[in-house]
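Chains as they are written, first to last, in the numbering used here: chain B, 1 to 266; chain E, 1 to 307; chain C, 1 to 507.
If you are wondering where the hints come from, they were derived from the structure by calculation, not from laboratory data.
Hints are not guaranteed to be accurate.
[Unchecked claim] If we take Cβ atoms under 7 Å as the criterion, some of the chain B residues that face chain E in the derived model are:
| id | residue |
| --- | --- |
| 1 | Ile18 |
| 2 | Leu22 |
| 3 | Leu42 |
| 4 | Ser45 |
| 5 | Leu46 |
| 6 | Leu108 |
| 7 | Ala109 |
| 8 | Asp113 |
| 9 | Leu118 |
| 10 | Thr134 |
| 11 | Ala135 |
| 12 | Phe136 |
| 13 | Met206 |
| 14 | Ala210 |
| 15 | Val214 |
| 16 | Gly262 |
Please read all numbers here as calculations on a predicted model, not as lab measurements.
Glycine included, each C-beta is placed from N, C-alpha and C at the ideal position.
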Amino acid sequence: MTAIPNNTSPARLAGAAILALLAALALFGPLLVPGDPFGQSLVKSLGGPDAAAPLGYDHLGRSLFHRLAHALRLSPAIALGAVATAGAAGLILGTWAAAQGGWVDRILATLADALLALPGLLLVLIVLAIMPGTAFGFWAGLSLVLWVEFFRLTRATSRAVLASPAVEAAQLLGFGWPYIFRTHLWPEIAPVMLTAAAFGTATAIMAIAALGFVSVGMRAPTPELGLMMVELLPYWREAPSALLTPVIATFALLMGLTLLAGSRET
Amino acid sequence: MTILLNRLVQAAMVAIIVGVSTFAMMRALPGDAAYRIAAGRYGYDNVTAAAADAVRAELGLDAHWFPALLQWLGDLVRLDFGVSLVSGQPVMQEIVHQLGASLWLALAAVGLSLLMGPPLGILAGLRPGGLLDRVLLVVSTGLKSIPQFLMALILILSVQMGWLPAAGYGQSRHFILPALALALGLAAVNARITRDAMARITEMPFYRFAGWKGLRHGQVLRRHGLRNVAVPLLTYLGLQFVTLIEGVVVIETIVGWPGIGHALVHAVFARDVPMVQGTALVLGLGFVLINTVIDLTVRRIDPRGRT
Amino acid sequence: MSKPLPALSRLLLAAAISVTLGTPMLAQNNATLSVVAPFEVLSPEPSIAGYIFTRMGIAETLVNADAEGRLLPGLATDWTASEDGLSWRFTLRDGVVFHDGTALTPAAVINALETARAKPGPLGDLPITAMEADGNTVVMTLSEPRAALPAFLAEARAQILAPDAYGADGMATAMIGTGPYQLTDLSPPLSLRASVFAPYWGDAPHVGNVTYAAVGRAETRALMAESGDDDFVFTLDPASVTRLGNSDAVEVLSVAIPRTLLLKVNAAHPFLSDIGARQALSLAIDRAGIAQAILRYPEGADQLFPPAIGAWHNEDVAPLTYDVAAAQALLADLGWTPGNDGVLMRDGERFALTLLTYPDRPELPLVAAVLEQQLRAVGIDVTINSTNSSEIPAGHQNGTLEIALLARNFALIPDPIGTVLSDFAPVGDWGAMGWDNAEIVELAQALARGEGDDADRARVTAILQEELPIIPIAWYQQTLAVAAGIEGATIDPWERTFGLQDLRKPE
C-alpha cells in the first residue's frame, strides 16, 4: 500500500473534465438560460429546441434543459452527501476498530461482513420504506450501504500502518492520536479513499436512477435522471432525442466517475 | 474450518439484520399498514376502510411492538416466514417458486459473461498494449458506466426489429435479452480481471520458463495460465454476486420476469413485509453460501492460501 | 382457385375426427392465444384476483352483462323478484359441471356466495338475510329491496366455484370454475395457462389454449404488442396507442368505459367547503388540454358519466368549462387575494393544498403535474404526493385528505348505482368527502330499491354537477392491441370479460 496512485493519468484527467462540464451545466446552465424545470406548456409537448429550451421539450412541454440541470444537481448532491457521511463513518469506525482490536473490531467487522452480503438496493428500498421523505431516505439508505467499503479500506490500511515501527516509535515518544492520524494514517488512506469515494458516488447515482426507473425512487414531478427516462420512454419513437437526453447525461456522469476513480485493485 | 465458522457467523448476522430491519419496516410504515396491505391485496378500485379493517383484525396489527418483535424473531429462528400479506400464500412456497426463475436468469447471465469476458481478457493479456488490449480497455470502461437498467432499456429499444421478445417468460428466447443486459456489465469487468491476471502471469518467470522448456503456446496457457487466472476470477465472481442480484432485481422488474427480485420490489411497494423478509433473507444467505463455496474452491485450486 | 380446397379438406378432416372420437363437432384448434395485461394473478382467491379468472373465461357468475350493461343469463337462466322486492329466485342452468367434474347445484352456489359475502366487497354490503335451495333454484331473502341485486351477482367476486375450491378459512386454494376454459397451470403472481373445457355448457371456444401474463409496465406491454409476439395486449399508455396505431402488426381498439378521472375534494376543508371554491377549482382545469396532451382523447369530461352510459349521462346539465378569469373572480368573492408570490391569501393563510395520487395508473402522476400548474395559474399552490393508492381511503377516514386525483370505476358491478350509492350517499372512501346532501341519499337509495326512474337519475347527476363534491376531468377509454390475424376481438366496457371464447386465431 505504499504506491500512491498516479493522480494525473490521462484517464483521470478526462474523467475530471467530464464531471466539470456536467457540473458547469448543472450549476450555471440555468443562469445563462433562465427557465423553470416545472413550468409546462402543453402546446409545446415534445417540441424541438428553441431559445428558451436549448434541449427541447418533454411530454408536458417542460424544458428538458432545465429539468436535466436540476436532475444533475439532485442525484450528485444526494450521492455526495451519502458518500461524505459514509466516508466519515467508515474512517472513524475503521481506525477505531484497527486501534482497539478485540471485541470492538470483531463486532464491527462482522456487522460490515453481514451488510456486504445484502444487496445494497434492498437496504435502500427498506430504508426508503421506513424514512419519511425520499431524498432523506436515499441519503440514509445509501450511507448505510456505502460505509462498509470505507470501513474495510480504512481498517485494513490502519492495521498495517499502526503495526509499523514508525507508529510504535511515535507512540513511545508520546505523540497523541491526532498526530499519528495526521502524519501516518491519513497519507496512506487518502488516495484509496478518493477512489472509493468516486466509486461510491457512482454506485449511489446508479441506485437513485435505477429505483427511479422502476418507479420506487424519487417521485414525479421531481426531475431525476431515472424518472425522466421512464417518463420519456413511451415517446421514444416520436421524440428519441428527448429520451436520449437523460440517457446520455447519466452515461456521461457515470463514465466521468469511473474514469476519475482510476483502476481498482480487486 | 475457520472459513465455515466465519461464514456461519456472517449468515447469522445477515438473518438478524434482515429480521430486525423488516420488523422496523412493518412498524414504521408511513401511513396505515392495514390500508397498504388491503391495497396490495384487493387493488386500488376496492381498497376501502372496510377492507382495511378486515386486514387489521386478521393480522393483529394493533399489538404492542416488543412481544411482536420477539415473536417475529422466534418465527425466523424456526424458519417460519409466515404468509404473504397480499396473496395469502405461504412465503416459503412463493419464494421457492420464484427463486428458480431468478437462478436461471442469474446463471444464464454469468454463463454468458464468462463466454464473452475471459476469452477476450486472455487474448488481450497475452499481448498487453496491443490493439485488442486497448480496444477492450475502452469498451469495458464504457460498459461499466452503463447501469444495468439502462442496458436493458438500450437492448429493448434496439431489438425492436421483432426477432426478440421485449418481455415475457417461459421460453428460452425470453432469456436472451435480460441475460444479455446483465451479462455485458459483468463481462466488462471480468474481461479486465482476466486480462490483468493474464498479463501478470505472462511476466512471471515460471511461465516464461515453461515456454523455454519447449511446451507449445497452447499447452503453456492450459497448464499454467488458466489455473492462475481462475483464482482472481472466481473471487471476483463471488463479490459480484451482490451486483448480480441487484441487477436481477431491476431487470426482472423491467421485463416482467417472475423472479425473486420482481417479488421483492412488489413486496416493498405493497408493504408485504413477510415477503420482503423472506426474499431478503434468501438473497443474503444465498450470497453467503455462494461465497463459502467459492472460498473452498479457490483453496482447492490455489493451495497457497491455506493457513 | 386452389385456396378454398385446403380449408375445406381441413374442415372435413376435423369433422371426420370428431365423428370418430364421438365428441361434438369441435370448432376449436390447437393454437395458443397469449393475453397480456397489467393485473397480477396473485392467487386463486376470487376477492383477490377473481376478475382475471372471469375475464379469461375460467370462472363464471350467475348473471352476465352485455356491452350496454344489460343483464344476460349466466349460470342462472332467469330470475324473478317478489312483489315487495324482498325475495328473489334464481333458476340455475341445467347440465353445468365444474372443472372437477362435479355438478353445479344450488348448494354449491350458496356456498360460493356465502363465502364471498364474508369478505370485504360490495356483495357483503347487500341486505341479504338468507339464501336457500328450492329444487333447482336459489332463493335469496332481503331485509330491504335491492333492484340491482342481479347486477351485484354479475361481479367477479360473486363467481361460483366448486365447494372443493375453498380452504378451511374460506379463501380459495384452487380455481375450480365452470367456464369454457379450464385452468391448467397457475404461477402466481405473473402467469396462468388454460385449455378448452370440453364439457362446457355453452358454445365451445375456437382457440384451444390461452395464456395470461401480467406485465406491470405499460411501456413494456406496448413493446410486447409491437413485436407481434403476444396476441391480446390489454391497457396501453396513450403514447403507445398513437405509435401502435401506425403499425401493421397490430390493430388497436378502444372504447369508452364507465371509469372517470376525477378530483376528489374534501368539502369539509375550510378552503373548499364553499361551493364557489369547488366551482373555481373546476373552472381552473383545462380538460381539453389534459385530454389531448396526456390522455390523447379528443375531449375531456364535462360531467361525471360519459355518453356511453346512457342512463346516467345527463344531456341537460350545464357542461363544466375552463375559464381562468371566472375562477379568479369566484375566489376573489370568497375573500382570497393574491400574495407576493402569486398564491392567494386569506386571513393570513395561503391557499395551499396537498394532492394525493397514485402511480398504479401511469397517467395519474402526469395529470397531477399538469393540474399543479393549472391550479397555480389561479393562485392555488398544490403539492403533489404520489403515493400508495390506499392513502386515499386512509386519508378519507382520518380526515387529512385535501384533494386527490383518482380514476374511479363506476362499473364495479354492471350498474353504476352500486358505486353511486357507495360514493355519494352521502360520502365514500373513493367518492365525496365531508359533504352532506340529504336529497341525493334519498334518491340513490330509492334507485337502489328499484323505485326511481330516469328523472331521479338526472336529478342525482344534476346535484353532483352543481355541488361538485368530486370534480370530473376525463372519461377513460380502455385500449387493446390485437395482433394481426386474430379475428373477433372486442372490448367489454364493463371489463367483465376478454371475450376469448369468440376469438379466432389461425393455427
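Hint-by-hint comparison with the structure:
Against a cut-off of 7 Å between C-beta atoms, the interface hint on Ile18 of chain B is violated, since the closest Cβ of chain E lies about 10 Å away. Taking 7 Å as the C-beta contact cut-off toward chain E, the hint placing Leu22 of chain B at the interface is violated, the least distance being around 13 Å. Checking Leu42 of chain B against chain E: minimum C-beta separation of about 26 Å lies over 7 Å; hint violated. The criterion of a C-beta within 7 Å of any C-beta in chain E is not met by Ser45 of chain B, whose closest approach is roughly 21 Å, and the hint is violated.
Restraint check, Leu46 of chain B versus chain E: the minimum CB separation of about 17 Å is more than 7 Å; hint violated. For Leu108 of chain B, the suggested interface contact is broken, since its CB lies about 11 Å from the closest CB of chain E, more than 7 Å. Nearest Cβ of chain E to the Cβ of Ala109 of chain B: about 10 Å, over the 7 Å cut. The hint is violated. Annotation: interface hint on Asp113 of chain B holds; nearest CB of chain E at approximately 5 Å, less than 7 Å.
Nearest Cβ of chain E to the Cβ of Leu118 of chain B: about 5 Å, under the 7 Å cut. The hint holds. Below 7 Å, beta-carbon pairs count as interface contacts, and Thr134 of chain B has none with chain E, the closest being about 11 Å; its hint is therefore violated. Given hint, Ala135 of chain B at the interface with chain E, is violated; its Cβ is 15 Å from that chain's nearest Cβ, farther than 7 Å. The interface hint given for Phe136 of chain B is violated, since its Cβ lies 12 Å from the closest Cβ of chain E, which is over the 7 Å cut-off.
Residue-level restraint check for Met206 of chain B holds (minimum Cβ-Cβ distance to chain E is 4 Å; threshold 7 Å). Because the closest C-beta pair between Ala210 of chain B and chain E is about 5 Å apart, less than 7 Å, the hint holds. Against a cut-off of 7 Å between C-beta atoms, the interface hint on Val214 of chain B holds, since the closest Cβ of chain E lies about 4 Å away. At about 11 Å, the closest approach between the beta carbon of Gly262 of chain B and any beta carbon in chain E exceeds 7 Å, and the interface hint on this residue is violated.
Checked against the numbered hints given earlier, the structure breaks hints 1, 2, 3, 4, 5, 6, 7, 10, 11, 12, 16 and satisfies all the rest.
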